[in-house]
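Novice: Given only the sequences and the hints, what does the whole structure look like? Please build it.
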Amino acid sequence: MSILVRPNPSQKTHAIVEAAIRPVSIRIDALEVRYGEHLALARVDLDIYTGEFVCLLGPSGCGKTTLLNAIAGFVDASGGRAEVNGKAVEGPAPDRGVVFQEYALFPWWTVEKNIQYGPRLRGLRGDELKAISDSYCRLVGLEGSAQRYPNQLSGGMRQRVAIARALANRPEILLMDEPFGALDAMTRQGLQDELLRIWEAERRTFVFVTHSIAEAVFLADRIVVMTAHPGRIKRVIANTTPRPRSRTSEEHFEMYRAVDLLFQEEARTKPDAEVAR
Amino acid sequence: MSATAPIKRRAQVDIVEGAQTSRTRRALLAVIAVTAVLAVWAALSGLGFVNHVLVPSPADVARAAAAALRDGSLAKNTAASLLRVVEGFGVAVLVAMPLGIAMGISSTTRGLLEPLIELLRPVPPIAFIPLAILWFGIGETSKVMIIAYGAFFPIFINTMAGLADVDLVHIRAAQTLGAKRYDLFKDVVLPSAFPQMVTGARLGMGMAFIVLVAAELVASSEGLGYLINDARFSFRTDQIFVGIITIGLLGLALNKGLLEAERRLLRWKFL
Chain A
1 MSILVRPNPS QKTHAIVEAA IRPVSIRIDA LEVRYGEHLA LARVDLDIYT GEFVCLLGPS
61 GCGKTTLLNA IAGFVDASGG RAEVNGKAVE GPAPDRGVVF QEYALFPWWT VEKNIQYGPR
121 LRGLRGDELK AISDSYCRLV GLEGSAQRYP NQLSGGMRQR VAIARALANR PEILLMDEPF
181 GALDAMTRQG LQDELLRIWE AERRTFVFVT HSIAEAVFLA DRIVVMTAHP GRIKRVIANT
241 TPRPRSRTSE EHFEMYRAVD LLFQEEARTK PDAEVAR
Chain B
278 MSATAPIKRR AQVDIVEGAQ TSRTRRALLA VIAVTAVLAV WAALSGLGFV NHVLVPSPAD
338 VARAAAAALR DGSLAKNTAA SLLRVVEGFG VAVLVAMPLG IAMGISSTTR GLLEPLIELL
398 RPVPPIAFIP LAILWFGIGE TSKVMIIAYG AFFPIFINTM AGLADVDLVH IRAAQTLGAK
458 RYDLFKDVVL PSAFPQMVTG ARLGMGMAFI VLVAAELVAS SEGLGYLIND ARFSFRTDQI
518 FVGIITIGLL GLALNKGLLE AERRLLRWKF L
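Quick note, the sequences are listed as chains A and B, same order.
Our numbering numbers the first residue of the first sequence as 1 and each following residue consecutively.
Our numbering numbers the first residue of the second sequence as 278 and each following residue consecutively.
No lab work stands behind these hints: they were computed from the structure.
If you're wondering where the values come from, they're calculated on a predicted model, not measured in any experiment.
Every clue listed holds true.
Using 25 Å as the maximum straight-line C-alpha spacing, the simulated DSS-like pairs for lysine-lysine come out as follows:
#, chain 1, residue 1, chain 2, residue 2
1, B, K463, A, K130
2, B, K353, B, K533
3, B, K457, A, K113
4, A, K113, B, K546
Specialist: Here you go:
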């Protein structure tokens with residue numbers, strides 16, 4: 001089978017062609033992020049199209065979370081810029097929903113109140129709020145838990161609430177930072193299936209950070225392979241695995257191998273990278 | 278024993294679950310402890326090991342308590358003390374919480390006030406009693422102010438710490454949902470600091486109670502501290518014991534009540 005592996009330099013011209021067909025949702029333009037002396041992200045270019053599911057994949061220290069945080073508006077660019085719909089990102093805003101690895105639910109509110117918070121800030125009240133929380137509870141399969149508190153829920157259920165809370169605010173873009181990282185493998189697979197179902201139903205731009213190759217191959221339209229020291233994009237891979245996907249299909253393993261080989265190649269060319277840290 | 282029966286390891290369970298013994302078991306142990314102390318006390322005074330004037334027998338104390346209940350003096354003095362605690366505590370909450378919030382959210386306020394408060398903090402409330410009497414007289418005001426001073430610090434420090442402890446990820450989550458500065462304060466900062474503010478209030482109440490008795494010992498015409506001090510002049514150690522036991526029971530009841538209030542106010546924390 002053919003796998004479209006696009007090296008970074010040619011990507012810009014390609015992006016221009018593709019942009020004519022699909023509108024660009026997020027544009028990362030020569031973005032650089034430093035934390036003091038430490039260069040977390042070195043001149044990164046990337047276009048993410050509207051409605052696309054993109055995974056940022058790489059080892060710890062590769063800057064994938066930093067890139068996500070720059071899009072979310074949590075960190076400032078030291079150089080270059082991150083744009084959303086043609087406008088430079090200036091701090092967090094409700095057009096970009098975020099799902100955090102540590103859930104970040106408000107423990108003092110019930111599931112329902114958590115989900116209603118974004119719409120409530122937009123001025124919705126009473127029955128409108130109830131309708132929204134009911135429909136998003138249903139979307140993530142938490143109908144029976146609307147009146148429970150986050151402390152009463154398992155990790156998997158908490159992350160469902162976090163996804164529902166972010167989506168209930170109807171953001172154009174959903175940013176997810178290793179949302180399933182703290183879950184056991186079985187729960188994780190279940191939530192991956194659900195996330196794909198939700199993405200197909202809602203058709204929003206999803207940007208998903210992970211260090212699991214299998215997760216990226218299962219979820220993404222395109223996989224942004226990142227490497228560390230300093231953090232940068234090594235390749236952007238178009239994931240040609242046909243949907244609906246299966247974790248046991250030949251195509252899945254084929255794609256997995258292609259991505260894994262990239263990391264092995266990286267390890268060969270920079271054998272001291274891990275030691276240098 | 279069948280192969281599927283659970284193996285009991287009593288001793289280990291006891292160590293591991295040390296603090297989680299059942300409610301009835303704990304009540305039983307408490308009754309045993311109190312009974313044992315009373316029995317030893319009664320035996321010592323019954324056998325004449327101790328001077329009856331200095332250490333009254335449990336029966337003497339019970340008689341004195343019954344008398345104080347009958348003539349209403351115990352109820353009157355307890356009510357007077359409780360009123361002072363509530364007033365002093367109320368003043369402390371009204372001053373400490375807004376100040377703690379102001380210092381928790383503004384670094385300028387914190388920079389200005391922190392040195393002053395750190396300077397005052399090591400001074401025990403009792404040291405201010407003579408000054409309070411000169412300033413406010415020996416009436417209610419001086420006692421309420423001393424109690425308020427004592428209760429202030431636990432409330433204030435916990436309020437400030439609670440506000441400083443807000444999780445950044447909660448702030449970020451709220452911002453991505455559209456929260457502005459005031460929303461963040463009202464919906465995230467205050468609720469997340471609230472548990473520690475309540476804990477501060479409970480500790481402040483305990484402090485108020487301690488300071489109360491000290492303030493009443495020095496100058497007052499009613500209250501539990503007065504009751505103890507007054508009995509000293511007539512060598513009525515049985516009445517002193519009644520006063521001390523009442524203070525102990527009252528403190529215990531207050532603390533239990535506040536813990537229960539904390540549980541109810543912060544239901545989400547104890548789920």
